[in-house]
Amino acid sequence: MPLVRIDVLEGRTPEQIAALGDGVHRAMVETIDVPSLDRFQIITPHASGWLIADPEYLGISRSKDVIFIQITLNAGRTLEKKKALYAAIARNLAADVGVRPEDVLVNLVEVAKEDWSFGNGIAQYAT
Amino acid sequence: MPLVRIDVLEGRTPEQIAALGDGVHRAMVETIDVPSLDRFQIITPHASGWLIADPEYLGISRSKDVIFIQITLNAGRTLEKKKALYAAIARNLAADVGVRPEDVLVNLVEVAKEDWSFGNGIAQYAT
Amino acid sequence: MPLVRIDVLEGRTPEQIAALGDGVHRAMVETIDVPSLDRFQIITPHASGWLIADPEYLGISRSKDVIFIQITLNAGRTLEKKKALYAAIARNLAADVGVRPEDVLVNLVEVAKEDWSFGNGIAQYAT
Numbered sequence: 001m002p003l004v005r006i007d008v009l010e011g012r013t014p015e016q017i018a019a020l021g022d023g024v025h026r027a028m029v030e031t032i033d034v035p036s037l038d039r040f041q042i043i044t045p046h047a048s049g050w051l052i053a054d055p056e057y058l059g060i061s062r063s064k065d066v067i068f069i070q071i072t073l074n075a076g077r078t079l080e081k082k083k084a085l086y087a088a089i090a091r092n093l094a095a096d097v098g099v100r101p102e103d104v105l106v107n108l109v110e111v112a113k114e115d116w117s118f119g120n121g122i123a124q125y126a127t
Numbered sequence: 001m002p003l004v005r006i007d008v009l010e011g012r013t014p015e016q017i018a019a020l021g022d023g024v025h026r027a028m029v030e031t032i033d034v035p036s037l038d039r040f041q042i043i044t045p046h047a048s049g050w051l052i053a054d055p056e057y058l059g060i061s062r063s064k065d066v067i068f069i070q071i072t073l074n075a076g077r078t079l080e081k082k083k084a085l086y087a088a089i090a091r092n093l094a095a096d097v098g099v100r101p102e103d104v105l106v107n108l109v110e111v112a113k114e115d116w117s118f119g120n121g122i123a124q125y126a127t
Numbered sequence: 001m002p003l004v005r006i007d008v009l010e011g012r013t014p015e016q017i018a019a020l021g022d023g024v025h026r027a028m029v030e031t032i033d034v035p036s037l038d039r040f041q042i043i044t045p046h047a048s049g050w051l052i053a054d055p056e057y058l059g060i061s062r063s064k065d066v067i068f069i070q071i072t073l074n075a076g077r078t079l080e081k082k083k084a085l086y087a088a089i090a091r092n093l094a095a096d097v098g099v100r101p102e103d104v105l106v107n108l109v110e111v112a113k114e115d116w117s118f119g120n121g122i123a124q125y126a127t
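Protein chains in written order, with our numbering: chain X, 1 to 127; chain F, 1 to 127; chain S, 1 to 127.
Since the hints were made in silico from the structure, they are not lab data. Heads up, a few of these hints could be off.
It does not matter which identical chain is used: a pair holds within one copy or between any two.
As the list claims (entries may be wrong) - Listed next, the in silico SDA-like pairs over lysine to any residue satisfying Cα-Cα at most 20 Å (straight line):
id: 1; residue 1: Lys81; residue 2: Thr31
id: 2; residue 1: Lys81; residue 2: Arg26
id: 3; residue 1: Lys81; residue 2: Lys113
id: 4; residue 1: Lys83; residue 2: Ile6
id: 5; residue 1: Lys113; residue 2: Asp22
id: 6; residue 1: Lys83; residue 2: Ala94
id: 7; residue 1: Lys113; residue 2: Asn74
id: 8; residue 1: Lys113; residue 2: Ile60
id: 9; residue 1: Lys83; residue 2: Ala126
id: 10; residue 1: Lys81; residue 2: Ile122
id: 11; residue 1: Lys64; residue 2: Ala94
id: 12; residue 1: Lys83; residue 2: Ile122
id: 13; residue 1: Lys81; residue 2: Asn120
id: 14; residue 1: Lys83; residue 2: Pro35
id: 15; residue 1: Lys113; residue 2: Ser63
id: 16; residue 1: Lys83; residue 2: Gly11
id: 17; residue 1: Lys64; residue 2: Val111
Put together the whole structure using the sequences plus the hints.
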């Protein structure tokens with residue numbers, strides 16, 4: 001896996017939540033060579049006031065509907081692939097769920113292949 | 001500390017939650033030299049549909065009761081120790097809480113000793 | 001951004017939550033050169049029993065009101081700056097919210113500049 005944490009303001013419908021997860025995952029498949037079955041996501045709703053994003057940092061106009069996406073993944077993607085990933089996530093969420101691109105925040109945390117167990121107590125990716 | 005985030009489907013009893021935390025912690029004490037008092041865990045329940053794990057990636061048959069365990073810890077454990085940790089977590093959760101080993105997902109995030117403060121505003125592990 | 005996850009016991013007032021976030025952010029501005037507008041925080045309340053911190057590890061007497069603060073940020077801060085950050089967080093939370101310094105746990109996770117998108121699908125910090 002990558003492990004994807006998505007944090008959103010409460011109030012979205014189950015359909016919107018499913019579409020958010022789909023859009024983020026499809027972007028990963030499209031741009032950084034994640035297998036289509038390799039989907040592991042934790043989506044968490046938060047009350048207003050508990051999810052805080054500055055409304056203008058770097059000149060980007062963010063709303064209350066900001067979406068945080070933190071992706072833990074294996075190290076080694078190139079800068080070009082990371083840029084393509086950010087663009088694809090924003091594009092998919094705009095097209096599928098109507099999310100403003102300004103409201104899409106992404107952070108990557110890189111780890112090693114041996115840092116995963118996908119089940120059964122085994123380090124499936126370790127060489 | 002390691003800092004351990006455990007994400008589960010809602011509906012488990014307080015007894016099960018306590019046993020889950022115990023089983024993960026005991027595995028860390030048994031296999032990667034974590035002191036028995038060095039326990040810091042954040043356990044979060046999620047509604048159905050908000051915790052997404054592919055039901056067959058890598059040929060592992062996962063259920064809706066998948067458990068995500070993300071452990072931030074000091075860098076430097078060997079691959080052998082990491083493998084022992086994954087096995088011990090799956091074994092303990094099966095024995096103590098009846099969790100299917102296929103449903104136990106683990107991810108490690110390594111940091112430096114200076115990246116921790118255990119209280120009082122001091123970096124206790126920094127040399 | 002740094003991305004700051006703050007996990008607390010449920011029951012705090014909105015005013016306390018706002019003050020907690022303010023105190024942590026101000027500490028980052030004061031000590032590790034975070035721009036004042038660069039504020040991105042996810043604060044999550046947890047029921048009793050779901051937030052577990054050993055009450056005496058390293059000789060620090062922790063209560064049930066422990067606060068976990070996990071900060072993902074760009075790599076490169078010196079040990080001196082990190083120490084100043086830990087001290088400032090504990091100091092601010094004591095002064096502003098009455099948090100016991102023993103109850104303030106901090107963990108840093110360092111990433112690269114290219115690991116962020118602050119909106120619009122662009123890697124604003126990548127060179």
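Evaluated hints:
no. : hint           : verdict
1   : Lys81 / Thr31  : within (6 Å within a copy, 33 Å between copies)
2   : Lys81 / Arg26  : within (14 Å within a copy, 34 Å between copies)
3   : Lys81 / Lys113 : both (18 Å within a copy, 14 Å between copies)
4   : Lys83 / Ile6   : within (19 Å within a copy, 28 Å between copies)
5   : Lys113 / Asp22 : neither (24 Å within a copy, 26 Å between copies)
6   : Lys83 / Ala94  : within (17 Å within a copy, 41 Å between copies)
7   : Lys113 / Asn74 : both (6 Å within a copy, 16 Å between copies)
8   : Lys113 / Ile60 : between (35 Å within a copy, 18 Å between copies)
9   : Lys83 / Ala126 : between (27 Å within a copy, 9 Å between copies)
10  : Lys81 / Ile122 : between (29 Å within a copy, 12 Å between copies)
11  : Lys64 / Ala94  : within (16 Å within a copy, 29 Å between copies)
12  : Lys83 / Ile122 : between (32 Å within a copy, 7 Å between copies)
13  : Lys81 / Asn120 : between (31 Å within a copy, 16 Å between copies)
14  : Lys83 / Pro35  : within (19 Å within a copy, 23 Å between copies)
15  : Lys113 / Ser63 : neither (36 Å within a copy, 24 Å between copies)
16  : Lys83 / Gly11  : neither (30 Å within a copy, 39 Å between copies)
17  : Lys64 / Val111 : neither (31 Å within a copy, 26 Å between copies)
Hint compliance for this structure: hints 5, 15, 16 and 17 are not met, and every other hint is.
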